[in-house]
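Given next are the chains, with one letter for each unit.
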Amino acid sequence: MKIEDHDFDRDQELVVDGPTTFPVDRRDFVKLTATGLLVLFAVDPASAGQETARLPAGRQGYPTDVNAYLHVGPDGKVTCFVGKIEQGQGTMTSLPQLLAEDLDVPLSAVGIVMGDTDLCPWDMGTFGSLSMRQFGPVLRQAAADARAALLQLASERLQAPVDRLAVKAGVVTDTADPKKTVTYGQLTEGKRIERKLEGKAPLKPVKGFTVVGTSAHRRDGVEKVTGKAMYAGDIVPPGGVLHARILRPPAHGATLGQVDTSAAEKLAGVKVVRDGDLIAVLHEHRDEADKAMALVKADWTRHDPPFDDKTMFDHFLKTAGPATTVAEGGSLAEGEKLVTDVVEGTYYDSYIAHAPMEPHSAVAAVETGKVTVWVGTQTPFPVKNQLMQALKLPADKVRVVTPYVGGGFGGKSASRQAIEAARLAMLTGKSVRVVFSREEEFFYDTFRPAAIVKIRAGVTGSKALGLWDYKVYCAGERGAAQFYSIPNHRTAWTGGWSGNAGSLHPFAVGPWRAPGASSNAFGRESHIDVLAAKAKVDPVEFRLKNLTDPRMLRVLNAAVKTFAWTPKAAPSGRGVGVALGIDAGTYVAMMVEVAVDKAAGKVQVIRVACVQEMGVVVNPEGALQQIEGSITMGLGYTLSEEVHFRGGEVLERNFGTYELPRFSQVPKIEAVILDAPEIPAQGGGEPAIVPLGAAVANAIFDAVGARMDRMPMTPERVKEAMNR
Amino acid sequence: MRAVSFTLNGKPTRLTVDETRPLLWVLRDDLGLTGTKFGCGEGVCGACTVIVNKEAVRSCVTPVGDVEGKQVLTIEGLAKGDRLHPIQEAFVEHVAYQCGYCTPGMIMGAYAMLLKNPKVTRADIVRELDSHLCRCGAHVRIVKAVETAATAMKGGAR
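If you're matching them up, the sequences are chains A and B in order.
So for the first sequence, the numbering used here puts the first residue at 1; every next one is plus one.
So for the second sequence, the numbering used here puts the first residue at 725; every next one is plus one.
Treat each hint with caution, since some may be false.
In silico DSSO-like links for lysine-lysine, alpha-carbon gap of 27 Å or less [stated by the list, open to error]:
| # | chain 1 | residue 1 | chain 2 | residue 2 |
| --- | --- | --- | --- | --- |
| 1 | A | K430 | A | K228 |
| 2 | A | K430 | A | K271 |
| 3 | B | K878 | B | K804 |
| 4 | A | K200 | A | K168 |
| 5 | A | K77 | B | K794 |
| 6 | A | K568 | A | K598 |
| 7 | A | K568 | A | K463 |
| 8 | A | K337 | A | K463 |
| 9 | A | K196 | A | K179 |
| 10 | B | K804 | A | K228 |
| 11 | A | K471 | A | K536 |
| 12 | B | K868 | B | K794 |
| 13 | A | K463 | A | K430 |
| 14 | A | K668 | B | K868 |
| 15 | A | K534 | A | K337 |
| 16 | B | K735 | A | K228 |
| 17 | A | K561 | A | K668 |
| 18 | A | K561 | B | K868 |
| 19 | B | K868 | B | K735 |
| 20 | A | K668 | B | K843 |
| 21 | B | K878 | B | K868 |
| 22 | B | K878 | A | K545 |
| 23 | B | K778 | A | K228 |
| 24 | A | K179 | A | K168 |
Label-pair distances were calculated between CB atoms; the ranges are [what the hints assert, rightly or not]:
| # | chain 1 | residue 1 | chain 2 | residue 2 | range |
| --- | --- | --- | --- | --- | --- |
| 25 | A | S262 | B | E817 | 36 to 46 Å |
| 26 | A | G199 | B | D854 | 44 to 54 Å |
| 27 | B | R807 | A | M230 | 15 to 25 Å |
| 28 | B | E779 | A | I606 | 30 to 40 Å |
No wet-lab data here; the hints were simulated from the structure.
A virtual CB, placed ideally from N, CA and C, is assigned to each residue, including glycine.
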């Protein structure tokens, strides 16, 4: 059997042509939903359309027919089938909270099936802090519609008008005769009722919430502390599974010449597979497969682009195409006349890796012509489409199942390991497991791109911002537009945060927790501080003077209280810094205190205050975990994480050179979420990571008077800035 | 190939294996204990941490021959039936995890520390767990969980 080489570069561009499954003919699904009430519903195309505009080219938003199911069973159990996945951010717990609220059932009665393409309807993927703010409202509407349908049934059963009925914990009561009750389960017993979402039933008002806004304990706790939680690499299909190690190039763009697998073939139990450019060794033990792969000799010809991590910024300036303006107002020429002084600044950021603790993993099994792939992915449905294309199989012959995902952060949108495992399973007729080594994980990661921000700006005699001319290379537009009150401004970008290897980047780049937004915040908020320092004004006071957005003023004023900020122009020697950001609809004000070891250049972040306004908060405890996680993870891009490369060769091979944040670096974190019940739920997984780098840069300036213009702010760079 | 005998989670275990094979893959592939995780393969991330004779070891760089005659404890052996160990209870209570992939190794690392020094300070916990990586940023909660567990065990690790 011969399978054509799969063009992984095309996957990012692959147009997902809507739902590939409508799982009403699936055995498990039919069994589960044989009786009961089934509500089929779709994300509102209007809201999905808005988000589609923000997706990278080629990625589409939600299809407009059906993309989730809600089932109320005769046992009173509610099950929700969603294409979202659990990668650690708690959607497995917060999505059921929304359902329990609008259905009026106990949270414990709500089950959730996630990321299985045979059971769940099409979903574009879990990214962009969208689960609550885009998917959440639809889920609530489905619950409200289901409640209305059940009340209609109850009205008939109890011989009482609907407006006389009350529901509590899945039990409907006739308020005129409280002895007349019926449960949701009894109403659906012995029948199969199917409804399409009509969206007519009113949602519960925020002030009536009893489940949403109350911290719910996560559902994955016991499994995760006992080692029972299953990740893709833990799956063993019936009949066992072979580990595959795959021959990899030394650099992106390298082409394969002669290959000699004869030494590997001599090892006991090793199976060598060669199919076009896919060369793999298989063994039932991972370490034996590792040994066999080390014996494979291959000649590669490299075609490296002529730049590396030291010359990349010149390369970007030469190669990036014309810029697109995303925001402008007034006239830059007028602005130049208005300001006392035009202050220029250039800010640089590095390539960074996702480095999830779980490497990309997949297990594929073939049974009677149908391929099932268990894969740690953020995008099970797009992965299914890629599998159908790579294996030339129809939709009903491919199933993707997503167990727990061991961290994604955007890096598990790309899932080549699933296709490799499936190809090898088809070729050998055996179940095959592909788990990336740490070296492969760094090599195939879709890095967040390195970036440049150039700003020309100035203030008037009264210290008001009068000019803002901003251009960003390679970070994209997320978080680029400024939110200050500036009469003459322009924001332009060239080079997005996502794309395949090509003339701009030697490897693929892709979404990394709030893609590009930290690079943009680093440029903008550093330069605001430069202007404040030049005007000899306290950086918080300067911001307050130049802001009019009430949501931003509110978070900043709250941060002043939380942090106990006292005004003083920088550098004050105290080591305090501030930065602001808007991401995924959420407003963040962040203040930090740092200690700088002047001799070593080492920066320790001592405390961080983060005030966030994110509309309605579904699970406050879960939202706090996301803020703490974002701040802790953000220490890495701020202080130590940086991908080194030479042409197409990624020099990072393991954690030895790529330094993730550790316990000893974690500051005291004070996180505050402001109440904003009038604003719908906004994103929570990403916003707090955005302003950290800028806040730390500003704090370093406050501590030692050195302006950092490059992240990560390593000891060498801090020392260099101090000696400048 | 030779016979290697050891006690695994309290049960006598005997395998005929190449004794140079990493303990991690023998546990996962030969013995089906998948709670111990592969993260880096070089002993630098901590995801594969297990206990050998009361010491935390990185199973990805420990040859299985080294545990001959020794007591091996993995995450699967920590709870007593349905009763979670106090460290596991504290991790659940404080939500000291997100994706959960580093969690088994983190818990085993904390367990070995509390065996040796039941009266740990916050600084001890930070120093001991500094060689364990967590990408989701659950660090603050992990420290709290280990402090709570230490108190619950009242200085008597079991």
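Comparing the hints with the structure gives:
Proximity of K430 of chain A to K228 of chain A is assessed by CA-CA distance (about 25 Å); at most 27 Å being required, the pair is judged to hold. For the suggested pair K430 of chain A and K271 of chain A, the alpha carbons sit about 11 Å apart, so the restraint of at most 27 Å is met. In summary, the hint linking K878 of chain B to K804 of chain B is supported, as the alpha carbons are separated by about 18 Å, within the 27 Å threshold. For a cut-off of 27 Å, the pair hint linking K200 of chain A to K168 of chain A stands: about 21 Å separates their Cα positions.
Restraint check for K77 of chain A and K794 of chain B: not satisfied, since their Cα atoms lie roughly 48 Å apart, outside the 27 Å limit. Restraint check: the Cα-Cα separation between K568 of chain A and K598 of chain A comes to about 22 Å, which is no more than 27 Å; the hinted pair holds. With a C-alpha separation of about 16 Å, the suggested pair K568 of chain A and K463 of chain A falls inside the 27 Å cut-off, and the hint holds. Restraint check for K337 of chain A and K463 of chain A: the C-alpha separation of about 14 Å stays at or below 27 Å, so the hint holds.
Only pairs whose Cα atoms come within 27 Å are accepted, and K196 of chain A paired with K179 of chain A is rejected, the gap being roughly 32 Å. Simply put, K804 of chain B and K228 of chain A have alpha-carbon atoms about 14 Å apart, close enough for the 27 Å limit, and the pair holds. Restraint check for K471 of chain A and K536 of chain A: satisfied, since their Cα atoms lie roughly 26 Å apart, inside the 27 Å limit. Only pairs whose Cα atoms come within 27 Å are accepted, and K868 of chain B paired with K794 of chain B is rejected, the gap being roughly 32 Å.
For the proposed pair K463 of chain A and K430 of chain A, the alpha carbon gap of about 71 Å is over 27 Å, so the pair is violated. With a CA separation close to 12 Å, the supplied pair K668 of chain A and K868 of chain B stays within the 27 Å bound. With a CA separation close to 18 Å, the supplied pair K534 of chain A and K337 of chain A stays within the 27 Å bound. Distance restraint check for K735 of chain B and K228 of chain A: the Cα-Cα separation of roughly 19 Å lies within the 27 Å cut-off, and the hinted pair is therefore satisfied.
Taken as a hint, the K561 of chain A and K668 of chain A pair is honoured in the structure, with Cα atoms around 16 Å apart against an allowance of 27 Å. The straight-line distance between the Cα atoms of K561 of chain A and K868 of chain B is roughly 25 Å, inside the 27 Å bound, and the hint therefore holds. For the hint pairing K868 of chain B with K735 of chain B, the CA-to-CA distance comes to about 32 Å; that exceeds 27 Å, so the pair is violated. Between K668 of chain A and K843 of chain B, the direct Cα distance comes to roughly 22 Å. Compliance with the 27 Å bound is thereby established for this hinted pair.
The suggested pairing of K878 of chain B with K868 of chain B holds, with an alpha-carbon distance near 16 Å, which does not exceed 27 Å. Taking the CA atoms of K878 of chain B and K545 of chain A, the gap is near 54 Å; set against the 27 Å cutoff, the hint is violated. A hinted pair counts as satisfied when its Cα atoms are at most 27 Å apart, and K778 of chain B with K228 of chain A qualifies at roughly 23 Å. Taking the CA atoms of K179 of chain A and K168 of chain A, the gap is about 14 Å. The hint holds against a cut of 27 Å.
One distance hint, 36 to 46 Å for the beta-carbon pair S262 of chain A and E817 of chain B, is violated here, with the actual separation near 56 Å. Distance hint for G199 of chain A and D854 of chain B: a CB-CB separation of about 52 Å, consistent with the stated range 44 to 54 Å. For R807 of chain B and M230 of chain A, the Cβ-Cβ distance of about 22 Å falls inside the hinted range of 15 to 25 Å, so the restraint holds. At roughly 34 Å, the beta-carbon separation of E779 of chain B and I606 of chain A lies within the given 30 to 40 Å, and the hint holds.
The structure does not agree with the numbered hints 5, 9, 12, 13, 19, 22, 25 stated previously, though it agrees with the rest.
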